[in-house]
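J.: Residue numbers (our numbering), protein chains in the order written: chain A, 250 to 758; chain B, 14 to 91.
Do not take every clue at face value.
[To be verified] Computed from the model, here is a short list of chain A residues facing chain B with C-beta under 8 Å:
#, residue
1, Ala-293
2, Ala-330
3, Ser-337
[As the list claims (entries may be wrong)] Listing some non-contacts, in silico: residues in chain A with all C-beta distances to chain B over 10 Å:
#, residue
4, Met-370
5, Leu-463
6, Ile-665
[What the hints assert, rightly or not] One side only, chain A facing chain B, incomplete, derived with CB under 10 Å:
#, residue
7, Glu-281
8, Glu-310
9, His-312
10, Ala-315
11, Gln-324
12, His-325
13, Pro-333
14, Arg-347
15, Arg-479
16, Leu-481
17, Met-482
Derived from the structure by calculation, the hints contain no laboratory data.
Given the structure is predicted, the values throughout are model-derived calculations rather than measurements.
Backbone N, C-alpha and C fix where the C-beta goes; we use that ideal spot for every residue, glycine too.
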Amino acid sequence: MRRREHGPPQDAAAGPAEDGLVCVPAATGSDELVVRGSGAVAVATDALLAHAAQLQALAAELHDDAVRAGDLSAQHPAGAAHAPLEASMWALWHASDRAGRLAAGLVAAQDAYTRAELFAMDLTRVLSDWAAVVAGDRARRILPFWLATGPLRAWVGERAGLHQPDMEEMKAWLEENPQVYTNPQFVELLRRAVSGADDFVLGAAGMPPMLALLLGPHGFGVLGVDASARALMTGAALSGAGVLRETPVAVTRTGQTTQAPARGAVERFDRIPREEEEHVRIELIQIADQEPRYVVYIAPTKAFEPAATGEPWDLTSNVAAIADLSPGSLRAVELAMADAGIGAHAPVVFVGYSQGALIADRLAASGNWNTVGLETWGGPMSTAAVPPDVAGLAIRHTDDPVTALGGPDPADHRMIVERRAFRDGESIPSTDPFPSHQRAAYRETAELVDAARSPEVREQLDALDGFVAGHADASEAEVTVFTYRAERVPPPEPAPEPARARSVSASSS
Amino acid sequence: MTDVGILAVHVSAVDGLLHRATRRALLSPRIDPASWRGPAYGAYEAAAEELAGDLRHAVACLQDARIALSQELARATA
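Generate the whole structure from the sequences, applying the supplied hints.
T.: Set out below in C-alpha cells:
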C-alpha cells in the first residue's frame, strides 16, 4: 500500500494527537477510498470527509482556547500581560472562525460538485438509454438488408483475405490484455450496455423512444435490468436448451466449531467461504443476558456453466438474482439459516462477496429477516431497495466489471465505498479472469476500509463491530460457527398420467 | 491564594494554551490534491494556508503573553 503524509514525518506517523488535532494522511492513486451515500456530501473521498470532521473539531478546540485566553486577559486588566493575552484571544477566535468556515466551505464545494456530477451522470444515462432504443430501431430496419447481403459480404471477405474472429483467439487476446476491461471507463460502458439492453430490444420491436424511456428506470420503472434478466430466463426456458433453469436445492451442515467474533472489515471478508465445498457460514453469537444474534457469510459464484448442474452458486443463480426471481443460492442460504435456528425476529448481519453480495442484498431487502447489518464485496447492485436502518457498506472496485452487471445503482440509502484496484499503467495480472474482482484485490481494499478515518465510514464499521459485542466486551461473546454445503437437486420427473385418467380421456374421445 | 500563586497558575495555563497552539501550527491540517474531487482545489489551498497563518499568529501572541506573565511573576516573586 502506498501512503503519503503531510507535515513532520514523526508527528504525522504518530496519528491522532491528544488534543484531537491530526495531520491528514492523504492516500494517493488507487489507495483512495471514495464514499457514496446519503448525508451532507453524497460523494467524497474518505480522506476529505475525515478532513472536514477534523476542521470542525479544530474550530471547537480553538474556540474553547479563545475563551480561556479571554478569561486570563480579564484577570489581568492592568498588567503588561493584558494586551498580549487579549491579542491571543482574538487570534484564537479568528483561527476558530476560519477553521469552521473552511469546514463548511469544504462540504458545500463537494456538495455542489457532486450535484453537478450526478446531474451529468443522469443525463448521460438517459441519453444512452435513448440511443439504445434508437439503435434497436435502426437494427430492425437494416436487419433484412444485412441478412440479404450476407453471402456477398462473405464472398468479399474471402476475396480480401479477412476471416471471422475466432472465439479462442479473442479469449486469449483478452487474457493477455486485461487492461482493456479493467478500467472504470469500461465498467461504466458495461453498466450502460446492461441498462440499455431492454431499451435496445424495445427499439427493435418498434416502440417509440419516448415511450421506452417512460417505461424504464428513469420513468415509471416498469422496465430495467431485472426485466431484461427475466426476459433472458424466459427465453432460455422457451428455447428448451436446458440453460438458466432453476432447480430445487438442498443443504448439508458440514461442520460446527467455535471461534472468536470477527472484528473489522478484513476479518469479516476473510470469513466469507472460499472452499469449494463450503457455501454458507453462519456464526451464532451468544452474549449473557442478550438475545442470540447471527452473522451469515455467503460465498461467491463457483460455476459459470449456463446449464444448472449440481452447483447452486452458478450462472443461473446470478441471472435469477438480478431478475429478482428465486435463485437456488438464495434458497440454500435460507435453508441453512433455518437449520441454524434463525427466526424472523433474530438480529442478523449478512456478509457476501460477488454472487454472495447479490444474495445478501436480496435477503436484506426481502423483509423476511430482522436485518441489522449488511456488508457486501464486489457485488452487482441489486434493484431491491435495502431498508434505511440497515447499517454497513457496499464495497466495490470502480474497475471491476462484475459490479456493473446489475445496472445502475438503486436509489436507496446504502453507503458505497469505492476504490480503483489497478491504476492507469499499473501491471495487471493476466493469470486470473477479472483481476479487479479477485479476492486478493478486495482483501487489500478491506485493509484500507479498516484504516478509513471519516466519521461516515467509521460509523458503519463500528455498527457492525458493535453487533458482535452487543453491550458487552467482544471477548465475552461465545461464537458457534456452522458451515454448510449446498447442492442442486434434480427436479422431479413429471409423474406419468394415471392409467385411469388416460382411459377416461380415451373413453371420452 | 497569593498573587504569586495566582500568577504561577496563569503562567501554567498559558503554557498549556501555547503547547496546544504550537502543535496545531506544526500540524496544520491540509488535504492532498489526490483526495480532492472536482475543481477549486486552489481556493481550498489558499484558505488552508490562511488558516495555517492564523495558527502561527496565535502561537506568536501566546508567546508574547507567556513572556509578559513570566516577567510579572518574576517581579512579584522578587
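J.: Compare the structure with each hint and give your call.
T.: Comparing the hints with the structure gives:
A distance limit of 8 Å between C-beta atoms decides the matter here; for Ala-293 of chain A the minimum to chain B is near 6 Å, and the interface restraint holds. A hinted interface residue such as Ala-330 of chain A counts as satisfied when its beta carbon comes closer than 8 Å to some beta carbon of chain B; here the least separation is about 4 Å, so the hint holds. Hint status for Ser-337 of chain A: holds, given a least beta-carbon distance of 4 Å to chain B, under 8 Å. Taking the minimum C-beta to C-beta distance to chain B, about 14 Å, the non-interface status of Met-370 of chain A holds against the 10 Å cut.
Interface exclusion of Leu-463 of chain A from chain B stands, the closest Cβ pair being 33 Å apart, more than 10 Å. At roughly 15 Å, the least C-beta separation between Ile-665 of chain A and chain B is larger than 10 Å, which holds for a residue marked as non-interface. Nearest Cβ of chain B to the Cβ of Glu-281 of chain A: about 6 Å, under the 10 Å cut. The hint holds. Using the Cβ-Cβ criterion of 10 Å, the hint placing Glu-310 of chain A at the interface with chain B is satisfied: the shortest such distance is roughly 7 Å.
With a least beta-carbon distance of about 12 Å to chain B, the hint placing His-312 of chain A at the interface is violated under the 10 Å criterion. At a threshold of 10 Å, the smallest CB-CB gap from Ala-315 of chain A to chain B is about 9 Å, leaving the interface hint in force. Interface hint at Gln-324 of chain A: satisfied, since its Cβ lies 7 Å from the closest Cβ of chain B, which is below the 10 Å cut-off. Against a cut-off of 10 Å between C-beta atoms, the interface hint on His-325 of chain A holds, since the closest Cβ of chain B lies about 7 Å away.
Given hint, Pro-333 of chain A at the interface with chain B, holds; its Cβ is 4 Å from that chain's nearest Cβ, closer than 10 Å. Checking Arg-347 of chain A against chain B by beta carbon gives a least distance of about 5 Å; that is within 10 Å, so the hint holds. Interface restraint check for Arg-479 of chain A: the shortest CB-CB distance to chain B comes to about 37 Å, outside 10 Å, so the restraint is violated. Nearest Cβ of chain B to the Cβ of Leu-481 of chain A: about 37 Å, over the 10 Å cut. The hint is violated.
Against a cut-off of 10 Å between C-beta atoms, the interface hint on Met-482 of chain A is violated, since the closest Cβ of chain B lies about 39 Å away.
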